[in-house]
Amino acid sequence: MATIPLTKRGAEMLKEELHRLKTVERHAVIQAIAEARAQGDLSENAEYEAAKDKQGFIEGRILELEGKLAAAQVIDPSAVDAGGRIVFGSTVDLEEESSGAEVTYQIVGDDEADLKQGKISISSPIARALIGKEAGDVADVIAPGGVKRYEIVEVKYI
Numbered sequence: 001m002a003t004i005p006l007t008k009r010g011a012e013m014l015k016e017e018l019h020r021l022k023t024v025e026r027h028a029v030i031q032a033i034a035e036a037r038a039q040g041d042l043s044e045n046a047e048y049e050a051a052k053d054k055q056g057f058i059e060g061r062i063l064e065l066e067g068k069l070a071a072a073q074v075i076d077p078s079a080v081d082a083g084g085r086i087v088f089g090s091t092v093d094l095e096e097e098s099s100g101a102e103v104t105y106q107i108v109g110d111d112e113a114d115l116k117q118g119k120i121s122i123s124s125p126i127a128r129a130l131i132g133k134e135a136g137d138v139a140d141v142i143a144p145g146g147v148k149r150y151e152i153v154e155v156k157y158i
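Quick note on numbering: full-length UniProt numbering labels position 49 of the sequence shown as 49, and the sequence is numbered without any gaps.
Hints are supplied without guarantee of correctness; some may be wrong.
[As the list claims (entries may be wrong)] With a cut-off of at most 30 Å between alpha-carbon atoms, the simulated DSS-like pairs for lysine-lysine come out as follows:
id, residue 1, residue 2
1, Lys22, Lys116
2, Lys133, Lys156
3, Lys54, Lys22
4, Lys133, Lys8
5, Lys52, Lys22
6, Lys133, Lys148
7, Lys116, Lys156
8, Lys22, Lys8
FYI, nobody ran anything at the bench for these hints, they're computed from the structure. All values reported here derive from a predicted model rather than from experimental measurement.
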């Protein structure tokens, strides 16, 4: 199985979700199934069907998280020394050449990506265009709206 890159914080988030699913959600759905069974005829019991569906989702998600954590390669961005190059876990300050707008992104794993928090997936077009570049370089990003050019202002490992 291929390794899955995760930042230290991303691995912690997956572990927290796994713990919550196993200790809270799993027990709640078992209780809901027991209550639905107590109502009698299961063939026409919508609550029972909904609880069984939720149980299937929870168990599937638990297996998925356990698999990802088993295959995870946890990377602490603050311990990375890439000589100023952009690598997984880097936080990058960019300036879009056409508009002058400044943005800051951290390159993270697919499960951690959240654009609202400035975290972009390592597999996104912008991250792929940035990997290996340094401050002062220009990256051409092929986006659905066309090519955008970003100047790399600063690379941090935080």
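For each hint, the structure was consulted:
In summary, the hint linking Lys22 to Lys116 is supported, as the alpha carbons are separated by about 28 Å, within the 30 Å threshold. Between Lys133 and Lys156, the direct Cα distance comes to roughly 13 Å. Compliance with the 30 Å bound is thereby established for this hinted pair. With a C-alpha separation of about 13 Å, the suggested pair Lys54 and Lys22 falls inside the 30 Å cut-off, and the hint holds. Between Lys133 and Lys8 the CA atoms are separated by roughly 23 Å; this keeps the pair inside 30 Å, and the hint holds.
A C-alpha spacing of about 16 Å is found between Lys52 and Lys22, which places the hinted pair at or below 30 Å, so the restraint holds. Our distance criterion of 30 Å between C-alpha atoms is met by Lys133 and Lys148, whose separation comes to about 16 Å. Annotation: proposed proximity of Lys116 to Lys156 holds, straight-line Cα distance about 19 Å (limit 30 Å). Proximity of Lys22 to Lys8 is assessed by CA-CA distance (about 21 Å); at most 30 Å being required, the pair is judged to hold.
Hint violations for this structure: none, all hints satisfied.
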